[in-house]
Amino acid sequence: MSREVLRGAGGFNIHRVADVNTAYLDPADLPLLENPECPTRFAITDDGAGTFHWVTEDRKMFEEEMSRTAAFGLSDRFRSIMERLREARIPYVRFDADGGEIDGLYRKDAA
Numbered sequence: 084m085s086r087e088v089l090r091g092a093g094g095f096n097i098h099r100v101a102d103v104n105t106a107y108l109d110p111a112d113l114p115l116l117e118n119p120e121c122p123t124r125f126a127i128t129d130d131g132a133g134t135f136h137w138v139t140e141d142r143k144m145f146e147e148e149m150s151r152t153a154a155f156g157l158s159d160r161f162r163s164i165m166e167r168l169r170e171a172r173i174p175y176v177r178f179d180a181d182g183g184e185i186d187g188l189y190r191k192d193a194a
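Numbering (the numbering used here), first residue to last: 84 to 194.
Treat the hints with caution; some may be incorrect.
[Claimed, not checked] Simulated restraints on C-beta separations: (1) Arg151 / Asn96: 24 to 30 Å; (2) Gly91 / Arg172: 15 to 21 Å; (3) Tyr189 / Thr128: 21 to 27 Å; (4) Glu120 / Val100: 33 to 39 Å; (5) Asp186 / Asp130: 15 to 21 Å; (6) Trp137 / Pro114: 17 to 23 Å.
I should point out that these hints are in silico values taken from the structure, not numbers from a laboratory. Each residue gets a CB set at the ideal place from its N, CA and C atoms; glycine is no exception.
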């Protein structure tokens, strides 16, 4: 699947955003995602319930960002999900307690 920008109704650019339930993350990741210093985070919802992150397409830049997330304290699980998103060429992700499911990956809250 391509990473191109789609043109939508009204002439707006439309980007793909994955919607991921935070139950797939390690519990220790959750407060780190809310921290404004989180290396990949660019936004948080007004109610603080969800955070938005970019998924860099360039391999070298992505590896550097993942090194920064590791140093920041985010889990291997977070980085694994980000890698899956990069491989799927999805440029953005929203992590939210009411987020969507990931096929073939178990939820940490069910483990």
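Quick one: are Asp186 and Asp130 within 15 to 21 Å, going by C-beta?
About 28 Å separates the Cβ atoms of Asp186 and Asp130, which means 15 to 21 Å is violated.
Regarding Glu120 and Val100, is the given constraint of 33 to 39 Å on their beta-carbon distance met?
22 Å, violated
Quick one: are Arg151 and Asn96 within 24 to 30 Å, going by C-beta?
28 Å, holds
State, for the Cβ atoms of Trp137 and Pro114, whether the hinted interval 17 to 23 Å holds or is violated.
20 Å, holds
Evaluate the given range 21 to 27 Å for the C-beta pair formed by Tyr189 and Thr128.
26 Å, holds
Does the hinted range 15 to 21 Å hold for Gly91 and Arg172 at CB?
19 Å, holds
Hint violations for this structure: numbers 4, 5, all remaining hints satisfied.
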